[in-house]
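S.K.: Single-letter residue listing:
There are 2 protein chains.
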Amino acid sequence: MDSKDVKEHIFFSEEKMQKNALFDSPHLFYDTYCLLPGQSQKVHAHEGSDKVYYVLEGTGRFTVSDEEQDLTQGHAVIARAGESHGVRNESGENLVLLVTMAPRPS
Amino acid sequence: MDSKDVKEHIFFSEEKMQKNALFDSPHLFYDTYCLLPGQSQKVHAHEGSDKVYYVLEGTGRFTVSDEEQDLTQGHAVIARAGESHGVRNESGENLVLLVTMAPRPS
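Which chain is which? The protein sequence lines are A and B, in order.
If you count the first sequence from 1, position 58 lands on 58 in my numbering, and the numbers rise without skipping.
If you count the second sequence from 1, position 36 lands on 36 in my numbering, and the numbers rise without skipping.
It should be emphasised that the hints constitute simulated quantities derived from the structure, not laboratory data.
This one's a predicted model, so the numbers in the text were calculated from it and none came from an experiment.
Here are the simulated SDA-like cross-link-like pairs (lysine to any residue), alpha carbons at most 25 Å apart as the crow flies:
| no. | chain 1 | residue 1 | chain 2 | residue 2 |
| --- | --- | --- | --- | --- |
| 1 | A | Lys42 | B | Asp5 |
| 2 | A | Lys19 | B | Val99 |
| 3 | B | Lys7 | A | Arg80 |
Which stretches of chain B does chain A cover? Using the computed rule of at least three CB atoms under 8 Å from a CB of chain A, they are:
| no. | region |
| --- | --- |
| 4 | 4 to 12 |
| 5 | 16 to 29 |
| 6 | 76 to 88 |
Where a beta carbon is used, it is the ideal one built from N, C-alpha and C, also for glycine.
Only chain A is shown next, with the shape it has when bound in the complex:
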């Protein structure tokens, strides 16, 4: 059975936001994104894929289209195909996200 203890897949990099793969298939990516204070994922868009962020730990400042919102542990947000999106860790604490992208971009 392909199961994962997600807390064993939480790794940060001093250099930039760290993505850690949990599952990868033609239908989806399922990752943790780990952001130290001050790190970010630049605003971007995927024409054919949706992305859902779920906050496992900390507080993220999310951008979707022209909206910006701080989301704390236990909140989820969707960026639908074509919507610009990104996230910044403007807090003083580490930020850990559980991220699904579907379908896997080709």
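Mind docking chain B on chain A? Use the hints.
M.R.: Relative to chain A, chain B alone:
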């Protein structure tokens, strides 16, 4: 911004496992599944979609193909397209799962 406080989408039913929709698109379903002790999702398969279960609370007994495993809070498991899968709450505590299915079955 289409964001959700996931804990506000945790509802149980005495009758059967309760699914609560968070996000729904052509690319994915993103739901909570809430199981009281003794409740289950019968083993089944989707020919064209993957499903990922993430345990938010409690302990689930998961079946994927011919394997069975108990997974606790913070663990995730994937059932790939065509693999039979299901989950039972054999514990004495409530079970809450964050579930992604991609793509949304047609």
